[in-house]
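There are 2 protein chains.
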Amino acid sequence: MDPLTHLINTLSEQALSLLYIDNPLTINYLTGFLSNPHERVLALLITEQHTALIVPKMEENEAKENKVIDTVLGYKDEESPWEKIQNHLSGLQLNHASIGIESDYLIMDRYNQLKQLFPDATFESITSRIQNLKVTKTEGELEQMREAGRFADIALKVGFNALKTGIAEEEVVALIEYEMKKLGIKEMSFDTMVLFGDHAASPHGTPGKRTLQPNELVLFDLGVVYNGYTSDVSRTVAYGEVSSKIKDLYEVVLQAQKTAQAAVKPEMTTGSIDSIARDIISQAGYGDYFIHRLGHGLGQSVHEYPDIAPGTRLSIKKGMCFSIEPGIYIEGLAGIRIEDCVVVTDSGSEPFTETTKELIVVPVK
Amino acid sequence: MDPLTHLINTLSEQALSLLYIDNPLTINYLTGFLSNPHERVLALLITEQHTALIVPKMEENEAKENKVIDTVLGYKDEESPWEKIQNHLSGLQLNHASIGIESDYLIMDRYNQLKQLFPDATFESITSRIQNLKVTKTEGELEQMREAGRFADIALKVGFNALKTGIAEEEVVALIEYEMKKLGIKEMSFDTMVLFGDHAASPHGTPGKRTLQPNELVLFDLGVVYNGYTSDVSRTVAYGEVSSKIKDLYEVVLQAQKTAQAAVKPEMTTGSIDSIARDIISQAGYGDYFIHRLGHGLGQSVHEYPDIAPGTRLSIKKGMCFSIEPGIYIEGLAGIRIEDCVVVTDSGSEPFTETTKELIVVPVK
Numbered sequence: 003m004d005p006l007t008h009l010i011n012t013l014s015e016q017a018l019s020l021l022y023i024d025n026p027l028t029i030n031y032l033t034g035f036l037s038n039p040h041e042r043v044l045a046l047l048i049t050e051q052h053t054a055l056i057v058p059k060m061e062e063n064e065a066k067e068n069k070v071i072d073t074v075l076g077y078k079d080e081e082s083p084w085e086k087i088q089n090h091l092s093g094l095q096l097n098h099a100s101i102g103i104e105s106d107y108l109i110m111d112r113y114n115q116l117k118q119l120f121p122d123a124t125f126e127s128i129t130s131r132i133q134n135l136k137v138t139k140t141e142g143e144l145e146q147m148r149e150a151g152r153f154a155d156i157a158l159k160v161g162f163n164a165l166k167t168g169i170a171e172e173e174v175v176a177l178i179e180y181e182m183k184k185l186g187i188k189e190m191s192f193d194t195m196v197l198f199g200d201h202a203a204s205p206h207g208t209p210g211k212r213t214l215q216p217n218e219l220v221l222f223d224l225g226v227v228y229n230g231y232t233s234d235v236s237r238t239v240a241y242g243e244v245s246s247k248i249k250d251l252y253e254v255v256l257q258a259q260k261t262a263q264a265a266v267k268p269e270m271t272t273g274s275i276d277s278i279a280r281d282i283i284s285q286a287g288y289g290d291y292f293i294h295r296l297g298h299g300l301g302q303s304v305h306e307y308p309d310i311a312p313g314t315r316l317s318i319k320k321g322m323c324f325s326i327e328p329g330i331y332i333e334g335l336a337g338i339r340i341e342d343c344v345v346v347t348d349s350g351s352e353p354f355t356e357t358t359k360e361l362i363v364v365p366v367k
Numbered sequence: 003m004d005p006l007t008h009l010i011n012t013l014s015e016q017a018l019s020l021l022y023i024d025n026p027l028t029i030n031y032l033t034g035f036l037s038n039p040h041e042r043v044l045a046l047l048i049t050e051q052h053t054a055l056i057v058p059k060m061e062e063n064e065a066k067e068n069k070v071i072d073t074v075l076g077y078k079d080e081e082s083p084w085e086k087i088q089n090h091l092s093g094l095q096l097n098h099a100s101i102g103i104e105s106d107y108l109i110m111d112r113y114n115q116l117k118q119l120f121p122d123a124t125f126e127s128i129t130s131r132i133q134n135l136k137v138t139k140t141e142g143e144l145e146q147m148r149e150a151g152r153f154a155d156i157a158l159k160v161g162f163n164a165l166k167t168g169i170a171e172e173e174v175v176a177l178i179e180y181e182m183k184k185l186g187i188k189e190m191s192f193d194t195m196v197l198f199g200d201h202a203a204s205p206h207g208t209p210g211k212r213t214l215q216p217n218e219l220v221l222f223d224l225g226v227v228y229n230g231y232t233s234d235v236s237r238t239v240a241y242g243e244v245s246s247k248i249k250d251l252y253e254v255v256l257q258a259q260k261t262a263q264a265a266v267k268p269e270m271t272t273g274s275i276d277s278i279a280r281d282i283i284s285q286a287g288y289g290d291y292f293i294h295r296l297g298h299g300l301g302q303s304v305h306e307y308p309d310i311a312p313g314t315r316l317s318i319k320k321g322m323c324f325s326i327e328p329g330i331y332i333e334g335l336a337g338i339r340i341e342d343c344v345v346v347t348d349s350g351s352e353p354f355t356e357t358t359k360e361l362i363v364v365p366v367k
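In order, the protein sequences belong to chains A and B.
Quick note: the first sequence uses this note's numbering, first residue 3, plus one each step.
Quick note: the second sequence uses this note's numbering, first residue 3, plus one each step.
Derived from the structure by calculation, the hints contain no laboratory data.
One should not assume that every hint holds.
Copies of the same chain are indistinguishable here, so a pair counts whether it falls within one copy or spans any two.
Below, a list of computed lysine-lysine pairs in the PhoX-like style, where the Cα atoms sit at most 25 Å apart [to be verified]:
id, residue 1, residue 2
1, 78, 184
2, 78, 260
3, 367, 319
4, 211, 66
5, 188, 159
6, 166, 184
7, 166, 188
8, 159, 320
9, 59, 188
10, 159, 184
11, 166, 66
Could you put together the complete structure from these sequences and hints?
Written as structure tokens, this is what we have:
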């Protein structure tokens with residue numbers, strides 16, 4: 003059953019008369035219509051009988067080609083989308099209705115507009131309902147994610163090949179993104195990260211003018227958007243020879259990553275996956291240097307439900323997709339992170355990326 | 003007076019005891035601290051006496067280097083930022099307080115968290131207060147915007163030079179962004195747009211595999227982020243000879259753009275600037291083909307307050323920055339848009355970009 007039908011079928015369970023959805027990713031997920039309206043309103047109105055899309059005038063024609071949406075209502079910049087919504091719904095008895103909203107996306111100003119239209123309605127969050135639909139991917143979605151992963155592997159290779167003494171972090175980023183765009187990738191999943199040596203000690207550092215020197219580490223964290231689905235991968239490689247201390251740190255992160263990934267299977271909890279990796283790092287004495295969750299869900303968005311974090315208790319299921327990315331960050335020394343994203347299968351998991359996780363040594367050029 | 007001090011000084015006017023701000027751009031604007039927390043909570047708490055930043059653990063050290071923020075409270079992924087907020091504020095009598103929020107940014111889930119912490123508090127929007135601070139730019143901000151504009155001019159030149167028969171739209175995009183990244187630009191202000199011929203008839207079209215043929219138009223719309231400030235420029239150029247019909251259309255758009263831009267001066271209303279351009283296009287018979295507002299504010303974000311749209315009545319002031327971008331879009335034929343962004347001066351306006359607006363003819367290669 004397609005997600006929209008599934009969602010409509012469950013409206014009555016929560017006694018909801020109307021769903022108001024303005025997260026473009028959810029609109030894309032439910033209807034296939036993809037548009038980034040920036041600050042303009044793009045809203046999908048769903049009742050048991052009907053779906054309508056309120057859309058900026060300049061997207062109206064494209065939206066009308068969509069076969070899933072019953073009614074497309076374009077509005078000009080000088081018109082109010084709220085009036086369009088009010089007029090469209092005026093035939094329905096929504097005064098004392100329950101209206102479903104995505105509380106993890108809807109901003110206050112728009113909520114207040116809805117409250118003005120329906121002062122006596124109650125508003126209920128359908129966030130977890132949508133999350134529960136999105137969290138297990140269909141085979142069609144997985145195909146896009148595998149392709150996104152394949153491009154991430156290519157991007158890593160471009161990055162490894164670009165390394166040479168004196169090159170700046172931002173130059174490597176430019177090269178990677180250029181090669182991706184030439185291959186038809188319109189968008190990276192997030193700002194490509196290439197960090198050299200001790201600069202990688204901040205897990206959210208920004209690539210800049212720092213130049214590469216022989217015998218230091220290079221941390222890559224990158225991904226692409228392919229047909230609306232994301233990839234995300236991290237590798238840390240050695241440029242020349244690195245110290246045995248750093249090799250030991252790498253080995254700890256590698257064992258944590260591989261052990262956690264190998265353990266993934268249906269019915270485990272998200273928190274227990276995190277523990278497997280965290281315990282290995284803690285037992286090696288570096289627990290205080292692993293300062294973020296083990297992973298995050300991904301799909302249409304590169305960070306989505308669920309978190310793979312200490313204490314979380316979601317029981318994982320076939321079709322769920324998330325990252326496994328332990329790291330050790332020691333200021334003044336190095337940052338090491340190794341990450342694959344995986345999909346849960348019947349009996350384990352499959353990664354979306356295939357680049358080796360053993361320490362790659364790129365010869366000094 | 004710096005914006006934070008100015009904002010704090012006005013707290014008492016609205017009888018606000020606390021401001022909760024989680025728009026990263028506003029946090030950057032008020033404190034200089036710049037971070038994109040993605041789905042994590044990054045929140046600035048402002049009282050008359052104190053500013054505190056709630057920040058993901060991995061950004062804590064960087065935040066502590068900031069001199070404007072009194073207290074930095076890092077939280078780990080397994081900790082609740084809301085508990086940190088509650089503990090930090092526990093010494094204050096906020097039970098029946100008025101709390102200021104940015105209603106154009108705050109999402110429902112976070113609002114509900116705040117309501118749980120302060121069940122008897124009232125929440126008031128400070129959106130217009132923040133907008134009114136941000137809308138007139140300081141000389142320091144204008145310097146960044148001029149530099150962002152200079153890079154946009156360079157990007158256009160890269161694009162014009164890349165045109166040759168058979169090249170795909172997405173290849174031109176890749177080249178432009180590559181050259182920008184090599185020059186140290188980390189981020190474009192929005193997805194670079196390069197559209198050929200009739201493909202430009204959708205004002206929000208997406209560059210793809212369409213290849214360039216001799217004697218058609220090419221529409222560029224692009225901008226960069228420089229030190230946290232954006233640029234935005236559109237030019238439409240001819241690749242080879244275009245028909246006299248198309249040249250006439252171009253002339254209409256050009257006159258609309260130039261006339262509106264020349265008219266800008268303090269005390270005009272936003273709506274009257276829109277009218278000047280719109281009337282010229284309507285009188286030429288193409289009013290129905292100019293299907294968007296004339297312009298939008300820009301600064302930290304490429305789309306921000308105010309709108310330059312029909313019927314809007316904001317009186318413009320020195321230091322305000324916005325786009326002037328009329329267009330004509332005729333399906334199956336062409337899309338033509340010409341855009342400069344300007345800052346309002348004492349007696350007129352100054353553009354951020356200098357690329358000529360007369361029709362450029364790029365020789366066929």
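Exercise for the section: Find the hints from earlier in the document that the structure breaks and name them by number, from lowest to highest. Expected result: Violated: hints 1, 3, 8, 11.
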